[in-house]
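Participant: The primary structure of each chain is shown beneath.
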Amino acid sequence: MDKIFKLNKREQMVVQLIMLAWVVVVLVPFGAAVLNALKPNVGQVFREPFGLPDPVTWSNFAKAWVNANFAQYFLNSAIISISSVILVTFCASTTAFVLARMPFRGSTFIFMLFLVGVIIPIRLALAPLFDIVRGLGLLDTLLGVILVQSASMMPVAVFILVSFMKNISTELEEAAKMDGALPFTIYRRIIFPLVRPAIATIALLTFVQAWNEYFLPLIFLQSESNYPLTLGLQRFNQQFAIQWHMMFAGILIMMGPTIIAFMLASKQFIAGLTQGGVKE
Amino acid sequence: MKLIKQSLALATAAATLATSQLAFAENTVVELYTWRVQDEALFDYINEKNLIPGVQVNLNVYTEDIESKLRIDMQTNRPDLYHAKAGSAWMQPWIDAGVAAPVADLGLDMSAFGDAALAGATGSDGEVYGVPFVMQMESILYNKAVFDGAPTTLDELEAAFAELKDQGIVPMHVDGRDGWYLNQVLHETILAGMTGDDWAQQVVTGEACFTDDLYVDAMERFKSWQDEGYLNPNPLADDYGAMRTGVALGTSAMMIDGIWSATPASPMYQIDPSLELGFMAIPGNANKVYGFTDAHLAYNPNSDDIDAVKKVMEFYTTPMFAQLFADMVEAVPASNHPVDVNNERVQAAAEMISSNSLAAQPFFHDALISVDPGYRPLVSEGMQQLLAGEITARELAEHIQSGLNDAGYIGADRCAL
Amino acid sequence: MPRSWLSYTALEKIQRTLLLTPGVLLYGIFNFIPLMALFSLSLVKWPGIGPKEFVGFDNFAKVLTQDYYRDQMLNALVQNVIFFVVIIGSFLIIGTALALLLSFKTWGRKTYQVLFFLPYPMAGAAVAYLLDLFVHPRGPLNAFLVQTGLVDSAIPFLGDQDTALITMAMFYTWHRMGFAIMLILSGILAVRSDLLEASMLDGANRWQSIRNVVLPVLGPAFVLITVIVMVDVFNNADYVLLIMGPEAGPLRSTDIMGTFLFRTAFGGNADTTDTNFGMAAAIGLMTALLILPAAIFLALKNLRSS
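Protein chains in written order, with this note's numbering: chain Y, 843 to 1122; chain X, 61 to 477; chain E, -6 to 299.
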């Protein structure tokens, strides 16, 4: 077994080369961003994109931060993304549990209805959706964006979870039922722990989607105090599109917290993803 | 956890609400939607000095998605006022939706505006739907640090191009990426400089065709600049920002652009604060610039604060506004109020617009643009293909003409291909 | 456990309903009901505000028969397929290769995992702006290529209709590759070691073991990636909208279904007066119809493996 995964010296060198090549692909754009964000004016960026900044101008970051009100945007993005993750993981896992483990007459039909959502994007139905959100008085609120964002993730989440749950053997469940366990208990004690890797995948998908979403907040938010980072960065772009060194600084500021958060959580993240992961 | 997040959101909203009410306790706040980021300083000043008694104007600036944003936010009746673009085609959907109404309903005195200024704000029913406030001009803009000649013919212009090219400077920078630039700026300015009033007027009335030699020759001449290497090497890779950056840095000498790029709020001065821009018509047969009423202030008749709305609209008709606009935005006001302009550029532009601009404007003409496919997308597609070397000038003309013919162009029979 | 007044079956039914309800409500109200309203929306002409004009199947007819719209639709569809194939191809080939290498006892593989994953959590807008500047004719990449003499003059990656679409696909791949690698890697690590051992005992070498034991069980991971990417690239067009705008230039060479639809609903930047939500709804329904068979096939395949 070990032999398969062990590498001899020469193989190790080759593998390292390939790995480093991809690292370069991933990191060079970041490097270029850092290099150019420190330049004093756009002329230097234009004339020598890979030249060293002269003089090194850290104040670009301060200027970008002040101009772009990033703190408020960041808080809004965090609220939207985290709430969506909680909502989606809860609603999708309970729904998928019933659909996959406790089928009843009509459950396949409900599953098909969810599949409709996988195929047709909600953005298409913006006008009717807008009417509903407005009717509920949720326009220009973070809650409105959270609900719409979560609902848009539901089809894919349910789809993934159902296919996971179908693959779990029924032994444990049967035994628990013998003991008189009810669906709540079976869901919480047996199924949920078993599909944790899939839940992690869905949480990650939802978080990234919510964090990156530009369109839905654009439609459903009006006040700038509710804006998430994506709208904030666009604002910033309107102001500084022509000033490349400032754009680079703004982009880095926006990425910074995400990258730090990711570095801190990466161990759990990757562990959750790779532990068991996709079942046969 | 969810509860915490929600209450946090509510707290943020509550806090915002509290502070905003505190700030404007005594004034009515009206929401004005615009794409004109250059007017921000003006409104800061108006609000600060309380120039419209009892009214504070909150400017909502959306440079990219203004129409979408207006459509959406109108559903909740949020915008009280909005800057509208010229032409009845732009106004029509808002009129249909009942969120635009004639200024006559407010009893506004419009005597300070000439017919040319009012034309852009007039709907297809002949009513005036807004207060025009800014005239724009499109022409060649050049960086005086690298080029300061005054060519009077196309040959002289091309000689200057050749010289600049030898110095390693891009003579003319073109943004080939943005549809709005290609049809509203580049194409229309070429028309103004090289084809002239008679032809443009006849195109509108269906008596002339795009396949006429006059038009084809003009576009061929423009295309020859690219073939000679007088344009930037990859026009389709450069967007509007890259074009203005090139001219601001002096790596490019000229561009065809609107005079808005030369106002103090233009980002070009962030790149080089000492930048000096000159402007001139394309020195073709017609040798005219392209002048038009760029925007007018329209209002939402369903606004909750219609009195405050009226006050703002009235303020837009005053001499004081015209003067402030010329001073602070450094653009040409649309009213006839005598304005004391000590800014050389504003003065020169005002003169050029009134004396030497193209009168007939296909770009704003209902019969050409309110059809499927319309003049605007046909032109921007065709121009991009021309710049990409996919089609010749004659094929561009045929592309526009056949599209218009399909859409029921009034001169379709005469101009059948 | 005393449950004197309700039988087990009754309680089971109640709890089942309670578990099902939140998800169904959330999806129903904010997703499914609006989707159903699409059918009626596709029958009207409506600029997004004001009165709706009933036009029957005119919107469908226009898209399918009027040259101007049909050409755009076909162009967008073909390009969308190319876009999808390039992305999914690089995910499955490069992603599987890198995941396999990471599953070996490679030095520093934990660090590599983190680095490879780095772009994924970043906002699409940030990635779009960053890479747009990066590949600009005057940007860092071209400066490097020209200075090292690899090319004579700058390559207009996004300014040439032959390269723009592929460049966009590369942006997407750069951003999301980490996710593909992680999903495939988790599939590899989940392979039961007894199967591998048996294979080794049978005298298979490393490559044979991988091919016969590891690759076959990666099916579900591949299906998952394919479905997620397919749904995403046929519906969303964030990168193109942010970088090239709704006109999807140069010359519509980056036009995909998402941009075509956006342009119809919200207007392109060349003409903002011509918008029709009804036609956008019709286009959306037709797109859905087109990817429906593929989606159902994938879904059934995935479900049947149980």
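Simulated from the structure, these hints should not be mistaken for lab results.
Be aware that one or more of the hints could be misleading.
Unchecked claim - Below 30 Å or equal to it, Euclidean Cα-Cα: the simulated DSS-like pairs (lysine-lysine) are: (1) Lys145(X) <-> Lys103(E); (2) Lys45(E) <-> Lys848(Y); (3) Lys38(E) <-> Lys1008(Y); (4) Lys45(E) <-> Lys851(Y).
Said to hold, decoys possible - Covered, in the sense of this in silico footprint (three residues per stretch, anywhere, with C-beta under 8 Å from a C-beta of chain Y), are these stretches of chain X: (5) 296 to 310; (6) 368 to 381.
Unchecked claim - Heads up, incomplete: computed chain E residues facing chain X, CB under 10 Å, no partners named: (7) Tyr1; (8) Thr2; (9) Val37; (10) Phe150; (11) Ala183; (12) Asp195; (13) Gly196; (14) Pro286.
Using N, Cα and C, we set each Cβ at its ideal position, and we do this for glycine too.
Participant: Each hint needs a verdict: does it hold in this structure or not?
Facilitator: Hints, one by one, checked against the model:
1. Pair hint Lys145(X) plus Lys103(E) does not hold up; C-alpha atoms about 56 Å apart against a cutoff of 30 Å.
2. For the hint pairing Lys45(E) with Lys848(Y), the CA-to-CA distance comes to about 67 Å; that exceeds 30 Å, so the pair is violated.
3. A hinted pair counts as satisfied when its Cα atoms are at most 30 Å apart, and Lys38(E) with Lys1008(Y) does not qualify at roughly 44 Å.
4. For the given pair, Lys45(E) sits about 71 Å from Lys851(Y) by alpha-carbon distance, which is inconsistent with the 30 Å threshold.
5. Coverage of a stretch by a chain is defined here by at least three residues with a beta carbon nearer than 8 Å to that chain's beta carbons; for the region 296 to 310 of chain X and chain Y the count is 5, and the condition holds.
6. Using a Cβ-Cβ cut-off of 8 Å, 0 residues of the region 368 to 381 of chain X lie near chain Y, which falls short of the minimum of three, so the contact claim is violated.
7. Interface hint status for Tyr1(E): violated, as the beta-carbon distance to the closest one in chain X is roughly 31 Å, over 10 Å.
8. The interface hint given for Thr2(E) is broken, as the beta carbon of that residue sits about 32 Å from the closest beta carbon of chain X, more than 10 Å.
9. A least Cβ separation of about 13 Å between Val37(E) and chain X goes past the 10 Å threshold, and the interface hint is therefore violated.
10. Evaluation of the Phe150(E) hint against chain X yields a held restraint, the C-beta minimum of about 7 Å falling below 10 Å.
11. Because the smallest distance between the Cβ of Ala183(E) and any Cβ of chain X comes to about 30 Å, over 10 Å, the interface hint for this residue is violated.
12. For Asp195(E), the shortest C-beta to C-beta distance to chain X is roughly 51 Å, which exceeds 10 Å, and the interface hint is violated.
13. Because the smallest distance between the Cβ of Gly196(E) and any Cβ of chain X comes to about 54 Å, over 10 Å, the interface hint for this residue is violated.
14. Look at Pro286(E): its Cβ only gets to about 31 Å from chain X, farther than 10 Å, so that hint breaks.
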